[in-house]
Amino acid sequence: MRRLFRQAAPSAAQSASASTGMHGHSTADASSGGLFGAFRSSVRRSAPSSPLATADRTNSASALAARLPGLVLQADHIAATLYAGQHGLRRSGGGETFWQYRQALPGEPASHIDWRQSARTLHAYVRETEAESPQTIFIWCDLSPSMAWRSSAALPEKLDSALLITLATAALLLRNGERVQLLTPSGPAILPPGGSPLERLALGLAQLAAAPEATRPALPPSTVLPRYAQLLIVSDFLCPEESFQTCLHHLAGRPVRTHLVQIADPAERTLPYQGRVRFEGLEGETEVDLPNVQTLQQDYVRLVDARNARLTTLATRYGHDLVLHSTDQPPMPTLLALHALLSGQFLSRQAVSNNTISGRTISGRSGSGQSVSGSGGVPS
Numbered sequence: 001m002r003r004l005f006r007q008a009a010p011s012a013a014q015s016a017s018a019s020t021g022m023h024g025h026s027t028a029d030a031s032s033g034g035l036f037g038a039f040r041s042s043v044r045r046s047a048p049s050s051p052l053a054t055a056d057r058t059n060s061a062s063a064l065a066a067r068l069p070g071l072v073l074q075a076d077h078i079a080a081t082l083y084a085g086q087h088g089l090r091r092s093g094g095g096e097t098f099w100q101y102r103q104a105l106p107g108e109p110a111s112h113i114d115w116r117q118s119a120r121t122l123h124a125y126v127r128e129t130e131a132e133s134p135q136t137i138f139i140w141c142d143l144s145p146s147m148a149w150r151s152s153a154a155l156p157e158k159l160d161s162a163l164l165i166t167l168a169t170a171a172l173l174l175r176n177g178e179r180v181q182l183l184t185p186s187g188p189a190i191l192p193p194g195g196s197p198l199e200r201l202a203l204g205l206a207q208l209a210a211a212p213e214a215t216r217p218a219l220p221p222s223t224v225l226p227r228y229a230q231l232l233i234v235s236d237f238l239c240p241e242e243s244f245q246t247c248l249h250h251l252a253g254r255p256v257r258t259h260l261v262q263i264a265d266p267a268e269r270t271l272p273y274q275g276r277v278r279f280e281g282l283e284g285e286t287e288v289d290l291p292n293v294q295t296l297q298q299d300y301v302r303l304v305d306a307r308n309a310r311l312t313t314l315a316t317r318y319g320h321d322l323v324l325h326s327t328d329q330p331p332m333p334t335l336l337a338l339h340a341l342l343s344g345q346f347l348s349r350q351a352v353s354n355n356t357i358s359g360r361t362i363s364g365r366s367g368s369g370q371s372v373s374g375s376g377g378v379p380s
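Start counting the sequence shown at 1; every next residue gets the next number (the UniProt record's numbering).
These aren't lab readings, by the way, just hints derived from the structure by calculation.
Keep in mind that the hints are not guaranteed to be accurate.
[To be verified] Have a look at the derived ranges for each label pair, beta carbon to beta carbon:
no.: 1; residue 1: Q135; residue 2: V301; range: 33 to 41 Å
no.: 2; residue 1: A309; residue 2: A252; range: 15 to 23 Å
no.: 3; residue 1: T313; residue 2: L73; range: 36 to 44 Å
no.: 4; residue 1: P197; residue 2: Q294; range: 46 to 54 Å
no.: 5; residue 1: P221; residue 2: Q135; range: 19 to 27 Å
no.: 6; residue 1: P240; residue 2: R302; range: 13 to 21 Å
no.: 7; residue 1: H77; residue 2: V301; range: 32 to 40 Å
no.: 8; residue 1: V224; residue 2: G107; range: 45 to 53 Å
Quick caveat, the model's predicted, so the values are computed rather than measured.
C-beta atoms are modelled at their ideal positions from N, C-alpha and C, and glycine is treated no differently.
Based on the sequences and whatever the hints tell you, model everything.
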C-alpha cells in the first residue's frame, strides 16, 4: 500500500474533488547568475540524447535549482528570527557564559581579577566563563522521488518543505558558529567552492537531486558517520518499517544522536478523495484503481495512525527524537521544536503553541486543532 502515497490521479469524474499535483512545482523568484545559475546551465548542457527518464530527471533538477535561491533566502530569514543558543562544555574556557569564581593564583595578571567580587572578601577572585566549542551536525535530506509530490497546487511539495526545514536549520546552526556537514550515500559531501556556506549546502543538495533515482535512497547509511555525532534526517519515511528500524538500530549502535523530521502532505493522513480514484506510483509501483474510495477512509486513517505510532515507538526505543511536520502548516513551529532538541532542551507547550509533545515526539497541528502528525506510509 506504500504506492498510495506516491501519486493520486483521479478519473475524469473525480478531477474536481481530488487534485493530483504530482509534478507541479511552487514558484519562486530566482536569479540566473551565481552558483545556482551555473548549476542550472550545467544541468541543461548535460541533457540526455534519448532516455526519457533521464530527461525528466534533468528537467526536475533544473526546476529545483530555479527554486533554490528563494528557499535559501526564506531559510536564512527564518533562522534570523530564532534564538541562537550556544552549547557549553561544562568546563572553564573562553566562552561568554559565567562558569565559576576561583581564587587568583600567584602571578596572575591583575586584569583577570574580578574586583567587584574580590572586594567582598579578603581574597582576590577570578571570574571564569564556560568553554564553548562548535559541534558538527550532519544533515540528510530525503531526495527520493516520493518527496516530489503535493496533493494540491496550493501546497508546497514535500521536497520543498524538506529543503526549507533543512536549510533553515543549517542557517541557524551556522549562525551559532556550529559546523554543518551534508551527508550523502557515500559519506560527507565535498561542497563546491564559492558562495556562502548556506548557498554551497543548497547547491550540494541540488547536485544530489540531479543524480539517478537509484542513488537517492530515503535513509542515510550509518557506517560513514563518526561516533557520537549528531545527525538530522528530514524525510517522509515512506519506506518499509524494517528499513526504518534497521537504520535507527545502526545509528544508535555507533552511537549517533539522531533527530528525525517527518514530512507529510495532509492528504497522506486523511485520504480526502471521493468516488473512483486511480493511484499511480512515483517509484515504479503498480497502479491501483479503487472505486468508492471514501468508504476506505476510516480504515485508512486508522492504519496510518497505527504506523505513525510504531515509527514513534521505534524512534523513542533507540533514543532518537521525532518531529512531525505537515506541509499545510508553517515551518516555524517545527523549527522551534527542532532547535530545542538540537540544543539539548525540552520544549514546553507554551513555547510552541501549535505543537504538542508526547514523550520525545513533537507533532504539528492544523488550525482546526486536528492532529496532522506526519506522513506515515500505509502498513505493508
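We went through each hint and held it up to the structure:
At about 39 Å, the beta-carbon gap between Q135 and V301 stays in the expected band of 33 to 41 Å. Between A309 and A252 the CB atoms are about 20 Å apart, so this pair conforms to the stated range of 15 to 23 Å. Here the CB-CB span from T313 to L73 is close to 38 Å, well matched to the stated 36 to 44 Å. Between P197 and Q294 the Cβ separation comes to about 48 Å, which falls inside the hinted range of 46 to 54 Å.
Between P221 and Q135 the beta carbon distance is about 21 Å. The supplied range of 19 to 27 Å therefore holds. The hinted window of 13 to 21 Å between P240 and R302 holds, with their beta carbons roughly 20 Å apart. Evaluation of the 32 to 40 Å hint for H77 and V301 yields a pass: the beta carbon distance comes to about 35 Å. Distance hint check for V224 and G107: the Cβ-Cβ separation is about 49 Å, which falls inside the suggested range of 45 to 53 Å.
When the structure is compared with the earlier hints, no violation turns up for any of them.
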